[in-house]
Amino acid sequence: MMELVLEIKKIPKTGLEAETIKPENFVNKSIKEIEKIEVCSGNGKITLGSIFKISGKTAKNPSEQKIVIVGDASKIKRIGEAMSGGEILLKGDVGPRLGEFMVSGKIIVEGNADNWIGTSMNGGEIIVKGNAGDYMGSSIRGTNRGMRGGKILVDGNAGGEIGYGMVGGEITINGTADSFVGSYMRGGKIVVGNVLMNRIGFSMNGGEISIIDKTFNVPFYFRKIGEEGGFMQYSGDQSFDGKGLLKVQK
Amino acid sequence: MSIHIKNATVYDPVNKIDGEVMDVLVENGRIVTKLDTTPQIIDAKGKVLMSGGVDIHTHIAGPAINAGRLLRPEDKTIFLESKNGLHSGSGFSMPSTFMTGYAYALMGYSFLVEPAVPPIKAKHTHDELSDTPLVDKAALLLLGNNYLVAKNIADGNHDKLRDYVAWMLATTKTYGIKLVSPGAYLSWLWGKNKTKPKDAIPKFDITPSDIIAGLEDAAIKLKLPHPIHVHLNGMGYYGNYVSSLDEMKLPKERMHIAHLQYNSYGGDSWKNFESKADEIIKEVNKNAKLTFDVGQVTLDNTTTLTADSPFEQYLSQLTHQKWSSRDVELENGSGIVPYPYSGKNSVNAVQWAIGLELVLMAKDLSKVCLSTDHPNAGPFIRYPRIISWLMSKKVREKFANGLNESVLKRSSINSINRELTLYEIATITRSAPARILGIKYDGIKPGADANIAIYTPDDDKEKMFSAAEYVIFNGEVVVKNKNVVRSINGKTLHASMETKNPELERELQTFFRRYYSVGISNYVVS
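Heads up: the protein sequence lines correspond to chains A and B, in order.
If you read the first sequence in the working numbering, its first letter stands for residue 1, the second for the next number, and so on.
If you read the second sequence in the working numbering, its first letter stands for residue 251, the second for the next number, and so on.
Hints listed in this document are in silico derivations from the structure and should not be mistaken for laboratory results.
Incorrect hints may have been included.
[To be verified] Some chain A residues near chain B, calculated using beta-carbon distances under 10 Å:
# : residue
1 : Asn43
2 : Ile46
3 : Thr47
4 : Ser139
5 : Arg141
6 : Gly142
7 : Thr143
[Unchecked claim] Simulated restraints, written as ranges between beta carbons of each label pair:
#  : chain 1 : residue 1 : chain 2 : residue 2 : range
8  : A       : Phe220    : B       : Ser665    : 52 to 62 Å
9  : B       : Asn537    : A       : Glu38     : 53 to 63 Å
10 : A       : Asp241    : B       : Ser575    : 20 to 30 Å
Nothing here was measured: the structure is a model prediction, and the numbers come from that model.
All C-beta atoms, glycine included, are put in the ideal place defined by N, C-alpha and C.
Taking the hints into account, I'd like the entire structure generated from these sequences.
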């Protein structure tokens, strides 16, 4: 795999809308050409060359391209939007909407990630070693079809409304998530260590949520249906058809 | 500034020019016979020249479309970047105002009609219309469910109704009268739905037919250039063609029917939904009082928005989509529901066929206007695609074969061999709507306004009409090489009315104080 390193020099106050930072935009290009690629900031555009110190090599096709971003990228939005292959490694924190509409490939965040990561993603993999924000793997604003495929893994904690309207794919959170995990969920799978506030699986009608915490209070709109493999099983949301499955460790 | 267009192939039904090669000279915003200054030369050899397009029914401004923009953030994933000093914009089925103006200009349009303005929201509508560049505009006033209109008709005060309509048109600076399911909203307020033309409206001793007759009478007395613009009762329901036929026999002189496709449905459930375009078009062909626009379904993920709130309630329950419903005090209601049309859906596929059948089976195309009832049946940017379906049997057959098989069983689209010519396309997009609207529109002849579109001919008609090579608006080149190069503002037309009925104005003062949320001085558009 060819590695291209983008080292952050200085990010403007207005932040960046960097949907152009993804492997398929960098392949078969020289460093000079990559420096000329534009990203939006505020009401204008600036080149990558003025933000990053760029070094390394580019590959011939996207699946062999690895992008490493060094420094604090928490003001950069939309990295890897709709990316179709390759790998992005972020050494620090990252801003909102990482890997939105992602199709395939891999994104690794060594720091913390912001809100809306993996929104409406179709495939690929996102790994966050720190904490993640709200609306992870959910739908974009206005629709109720969330994440359709792929995997998201968070080592730390996550925010609220994880997997809103999720239809497929898999989300794993080792730490604690905030309220409304898997609301309007219709498919896919969420595994979460614990939840801060309840209202888990609100309006869910399909899919599966597992909770590792034994002290978890199952909300009233779930009904117990049995137990299997060390997990108590509940179906819900009962105000809908109750096709969703909630598992709580015994 | 002057322009000399050389050797263009002109199609202009207004002046009966069918594919004649000629030069067109433009100076000071008009087409002229000779130029006084050194012109900019446009070589249009082998290119097709038409006058500016006219869209008779397109929801581009006002409170409903704006509420739709708020309701559907997901519609905004399409962006237009700012360049050449133009505005940026976003939106697919409901683009922002500037983007709307640019997109219409790029297709060669120069006149748009916003067909549904609730009187109290006229200020908002004019605000948005003034931000829609590169086109001239007009707006129609919603009066079909207005309390005072219904009351005057119920009391038999036809002179007072005429004066009230005149006052309303002058006050709101609008161009004509629009009726949306007359009486249906008034009935819905009392829990009734699917109002038919002969159903009594609660609390008023009248029927929708009386409202149509009353407002047509007012339009005739006021000598309005555009006849009443009617969205028939029962729009969108299966089996509505029977009541549509009843309603189509009502007018005394003239009536324009909006998006007729939505009123040509047979069947007694969604399962056996079928096309009744043949019955409907038979009536249109023999009744000289009727004109219509199509409301062609384009099978896109679009937004339905109409002042027919009862139907939107029904649609949201049918599709489980999000729904916004509004009551506009004493005047009307409105509803908004997103609707993803799909060719795999048996009903949507037949709806697609009905619009095309209506155009292709019409005997006299000067009664027919092309529209998608933007954004209800599809966004206006799909007009080129509709033209490609109308101009080639092969193209529409190929498309129909990719749809749900119901389209072949429950419509006769594949048995129609007619293919429209460029002259006929110019008729349904230019001369017919202009004549029905009664605007000053002289086509391509000396003295006419210089609104001109020049297209590069292509076998792929969608490609040909998607972007004009050159567009001239008010005598200025605004589109060059398929790019919008500059933005100028058009004018907004309104009916010029004189109101002299002091008694009515005194009464309205009291009425506003008692029942409206605004005073009369805040109601007037100035």
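Agreement of hint Asn43/A with chain B interface, Cβ distance less than 10 Å: holds, 8 Å
Per-residue hint verdict: Gly142/A, partner chain B, C-beta under 10 Å: With a closest approach of 3 Å, the Gly142/A hint holds.
Pairwise beta carbon distance, Asp241/A to Ser575/B, judged against the given window 20 to 30 Å: holds, 27 Å
Status of the Thr47/A interface restraint (C-beta, 10 Å, chain B): violated, 16 Å
Range agreement (Cβ of Glu38/A with Cβ of Asn537/B, hint 53 to 63 Å): holds, 59 Å
52 to 62 Å as the expected CB spacing between Ser665/B and Phe220/A, which holds or is violated: Once the Cβ atoms are compared, 59 Å apart, the range 52 to 62 Å for Ser665/B and Phe220/A holds.
Interface hint for Ile46/A, Cβ within 10 Å of any Cβ on chain B: violated, 15 Å
Proposed interface contact between Thr143/A and chain B, which counts if any beta carbon pair is under 10 Å: holds, 5 Å
Ser139/A as chain B interface residue, shortest Cβ-Cβ below 10 Å: At 8 Å from the nearest chain B Cβ, Ser139/A passes the 10 Å test, so the hint holds.
Evaluation of the interface hint that places Arg141/A against chain B, nearest CB under 10 Å: With a closest approach of 4 Å, the Arg141/A hint holds.
Taken one by one, the earlier hints fail for this structure at numbers 2 and 3, listed in ascending order.
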